[in-house]
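Colleague: Using the sequences plus the hints, can you model the full thing?
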Amino acid sequence: MQMDHEHDPPRPSLAPDDGPSLFGADQARPSAYRVLARKYRPTTFVDLIGQEPMVRTLENAFDLNRIHQAYLLTGVRGVGKTTTARILARAFNYELPAGDGRPAISQPTIHMEELGVHCQAIIDSRHVDVLEMDAASHTGIDDIREIIDNARYRPVMARTKVYIIDEVHMLSKAAFNGLLKTLEEPPEHVKFIFATTEIDKVPVTVRSRCQRFDLRRIDAGLLANHLFGVCKAEGVAIEPDALAMIARAAEGSARDALSLLDQAIAYGAAHSAGGAIAAEDLRLMLGVADKARIIDLFEAAMSGDIAKAIAILEDQYNGGADPAQVLLELAEFTHLATRLKLAPETAHSAALTPEEKRRGEDAAARLSVPTLTRAWQILMKGVDELRG
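If you read the sequence shown in our numbering, its first letter stands for residue 1, the second for the next number, and so on.
To be clear, the hints were calculated from the coordinates, so they are not data collected in a lab.
Treat the hints loosely; a few may be bogus.
[Said to hold, decoys possible] The list that follows gives simulated cross-link-like pairs (lysine-lysine, DSSO-like), each with its CA atoms no further than 30 Å apart: (1) K181 x K201; (2) K381 x K357; (3) K201 x K232.
[Claimed, not checked] Beta-carbon label-pair distances, calculated as ranges: (4) G99 x A292: 21 to 31 Å; (5) K181 x G319: 58 to 68 Å; (6) E280 x H348: 49 to 59 Å; (7) P203 x A311: 53 to 63 Å; (8) R374 x D124: 23 to 33 Å; (9) L342 x P97: 40 to 50 Å; (10) G101 x P203: 47 to 57 Å; (11) K201 x A237: 39 to 49 Å; (12) M380 x P344: 16 to 26 Å; (13) N177 x E280: 49 to 59 Å; (14) V156 x D219: 38 to 48 Å; (15) L386 x V156: 13 to 23 Å; (16) D384 x Q107: 51 to 61 Å.
Just so it is clear, the structure is predicted and the values come from calculations on it, not from any experiment.
Built from N, CA and C at the ideal position, the CB exists for glycine as well.
Modeller: See below:
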């Protein structure tokens, strides 16, 4: 697997109270461990990975001063919905005093190279004019009435009052109905940002009043490069194949990937004897199948060697691999072989090792598209039955 060594390591979130602030002097605090998902949480759109279409759209909207009154962010867990909401809240309220020959900035912008007056408080979720609410625990009309009543008043310190409502699909029908009028004609000093993992549960009357962004699962190759940068910044040695394994296991979620890396570092400290965290250790930790043996299993099944296929499957099961995960890994390799057969130029990923690609090319050369298609259908049916 080839890593992109030219990218700088991702920047950790700035420590509390760094930079200019209206919110009190620095206070000495004892150093405490922060999980990687929090330490490397993006604080600007430059740091946000895998969501380029959304960032480009927002950049154009801010540059043209076509800023919507309400945004709806949807996507699976850990792709950056709440993070994007906080970055947007910073962008709405970005202010930077003049200094060092630089003019003052006092209008909304997504270009936030330096911490502005309100930035650190928003990053720390303690700004008086940026209110976050978890709709999973505040589902009723009374909670929404409180927001509507509060929205009438101008911001205390910032330019714009921002309401971030997470898991918005959990609101009751009455709460959604109570929000409609304010969403349609909000005060000019108010912005709403909604986040949800279940967009279909948000009423169409609410969706139509918002600008919607679908945050995509992050490509495994991008995640692998991101994890490489984090490991470099943390001074952690880890095998590239182990990073690829974490990136695949995260299923497109940056938060899950960093949480798994945290776990891998702790696990590796006990098992790697001071060396690099090994892919074999990660395989045992995650309970996933050995990728090389998965390909052996695929080849045995495709060649009709049933005894060998069963022996490999038993070996993987006895080693702790989840049967459903084995089928998913087989389906993933089938998909790779199909891509290599039909569109080889698209089968490039930092999460793909040279050996996997070589064996995928061999399978693509030997097997027909109908055979690969049937294999895919059988495997996915097996996954559904195991999970059902």
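Colleague: N177 and E280, beta-carbon distance inside 49 to 59 Å?
Modeller: 56 Å, holds
Colleague: Has the given pair, K181 with K201, been kept, meaning a C-alpha gap of at most 30 Å?
Modeller: 19 Å, holds
Colleague: Has the hinted range 38 to 48 Å been met by the Cβ atoms of V156 and D219?
Modeller: Holds, since V156 and D219 (Cβ atoms, about 41 Å apart) stay within the stated range.
Colleague: Has the hinted range 23 to 33 Å been met by the Cβ atoms of R374 and D124?
Modeller: 54 Å, violated
Colleague: Per the hint of 39 to 49 Å, is the separation of the Cβ atoms of K201 and A237 within bounds?
Modeller: 44 Å, holds
Colleague: Mind checking the hinted window 53 to 63 Å against the Cβ distance between P203 and A311?
Modeller: 54 Å, holds
Colleague: Mind checking the hinted window 51 to 61 Å against the Cβ distance between D384 and Q107?
Modeller: 52 Å, holds
Colleague: Would you say the C-beta atoms of L386 and V156 sit inside 13 to 23 Å of each other?
Modeller: 55 Å, violated
Colleague: For the hint 47 to 57 Å, verify it against the beta carbon of G101 and that of P203.
Modeller: 51 Å, holds
Colleague: Has the hinted range 21 to 31 Å been met by the Cβ atoms of G99 and A292?
Modeller: 57 Å, violated
Colleague: Would you say the C-beta atoms of K181 and G319 sit inside 58 to 68 Å of each other?
Modeller: 59 Å, holds
Colleague: Take a quick look at whether K381 and K357 sit within 30 Å of each other, Cα to Cα.
Modeller: 25 Å, holds
In terms of the numbered hints stated before, the structure departs from hints 3, 4, 6, 8, 9, 15, listed from lowest to highest.
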